[in-house]
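> Spelled out, the chains give:
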Amino acid sequence: DQQVKQNSPSLSVQEGRISILNCDYTNSMFDYFLWYKKYPAEGPTFLISISSIKDKNEDGRFTVFLNKSAKHLSLHIVPSQPGDSAVYFCAALGSGAGSYQLTFGKGTKLSVIP
Amino acid sequence: GAGVSQSPRYKVAKRGQDVALRCDPISGHVSLFWYQQALGQGPEFLTYFQNEAQLDKSGLPSDRFFAERPEGSVSTLKIQRTQQEDSAVYLCASSLGAGAKTDTQYFGPGTRLTVL
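Top to bottom, those sequences are chains P and L. Position 2 of the first sequence, counting from 1, maps to 2 under this note's numbering, and the rest follow consecutively. Position 114 of the second sequence, counting from 1, maps to 114 under this note's numbering, and the rest follow consecutively.
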């Protein structure tokens, strides 16, 4: 059973516009969330994270929003650039034993069209 | 500085063969993780080392999978008697500290294993 869900396998956005990638989770023990970006033939690269005590974290063009009551988070990229084209993975960490184990979604492939 | 490196990048094995996958973490990183990524899926946790100690092997799918990190640096993931369902990308990650949430896990490029 998928504990982290990314329901959109792909997303196309025009250059300069906003990209919004969504992620839902089911495990109430998750308290730290991350986004990773992956180019073909490379490993995932950390992008941005958010703790469950916050509802927003911003880093340059990237902002992550967390809605704990809805168990939903989103990654906003604005403005989108062609170099942002990649697969984006949402990941979560829980508390207690095994809190270092990243649980990933299936990923969303973002294509930014010039 | 150098990132996490993995070798080989691609491995083709016949069913029943043993394989060994190598990971060179970032120098000085205490924690090392192995993940398995099947086609169309996200990475799934396999095992965790803190220095040379394997503290968690709860994600290893069967006793055919074995990992070691004898000197607290390089790690090897060994798969015995490979099966077709073992076909996946095997990702290694390392982090500086001892597994805290805020310690970023840095991933290598992975080894793509294909079992025929």
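Rather than coming from a laboratory, the hints here were simulated on the basis of the structure. For each residue, glycine too, the CB sits at the ideal point set by N, CA and C. Any given hint might turn out to be false.
Computed footprint of chain P on chain L, listed as stretches where at least three residues anywhere in the stretch have a Cβ under 8 angstroms from a Cβ of chain P [claimed, not checked]:
| no. | stretch |
| --- | --- |
| 1 | 34-42 |
| 2 | 71-82 |
Calculated lysine to aspartate or glutamate pairs in the EDC-like style (CA-CA distance at most 20 angstroms, straight line) [as the list claims (entries may be wrong)]:
| no. | chain 1 | residue 1 | chain 2 | residue 2 |
| --- | --- | --- | --- | --- |
| 3 | L | 11 | P | 58 |
| 4 | L | 101 | P | 1 |
| 5 | P | 71 | P | 42 |
| 6 | L | 101 | P | 84 |
| 7 | P | 106 | L | 85 |
| 8 | P | 68 | P | 58 |
| 9 | L | 101 | P | 15 |
| 10 | P | 106 | L | 52 |
> Next, verify each hint and record whether it holds.
Here's how the hints hold up against the structure:
Figure legend: the stretch 34-42 of chain L, annotated as covered by chain P; annotation consistent (4 residues with Cβ-Cβ distances under 8 angstroms, at least 3 required). Counting residues of the stretch 71-82 of chain L whose CB lies closer than 8 angstroms to any CB of chain P gives 0, which falls below the minimum of 3, so the coverage claim is violated. A distance of roughly 40 angstroms separates the Cα atoms of residue 11 (chain L) and residue 58 (chain P); the hinted pair therefore is violated under the 20 angstroms criterion. Of the pairs offered as hints, the one joining residue 101 (chain L) and residue 1 (chain P) is violated, with about 23 angstroms between alpha carbons and a cut-off of 20 angstroms exceeded.
Restraint check for residue 71 (chain P) and residue 42 (chain P): not satisfied, since their Cα atoms lie roughly 29 angstroms apart, outside the 20 angstroms limit. Proposed proximity of residue 101 (chain L) and residue 84 (chain P) is contradicted: the alpha carbons are some 26 angstroms apart, above 20 angstroms. Of the pairs offered as hints, the one joining residue 106 (chain P) and residue 85 (chain L) holds, with about 18 angstroms between alpha carbons and a cut-off of 20 angstroms not exceeded. Taken as a hint, the residue 68 (chain P) and residue 58 (chain P) pair is honoured in the structure, with Cα atoms around 17 angstroms apart against an allowance of 20 angstroms.
For the hint pairing residue 101 (chain L) with residue 15 (chain P), the CA-to-CA distance comes to about 33 angstroms; that exceeds 20 angstroms, so the pair is violated. Between residue 106 (chain P) and residue 52 (chain L) the CA atoms are separated by roughly 31 angstroms; this puts the pair beyond 20 angstroms, and the hint is violated.
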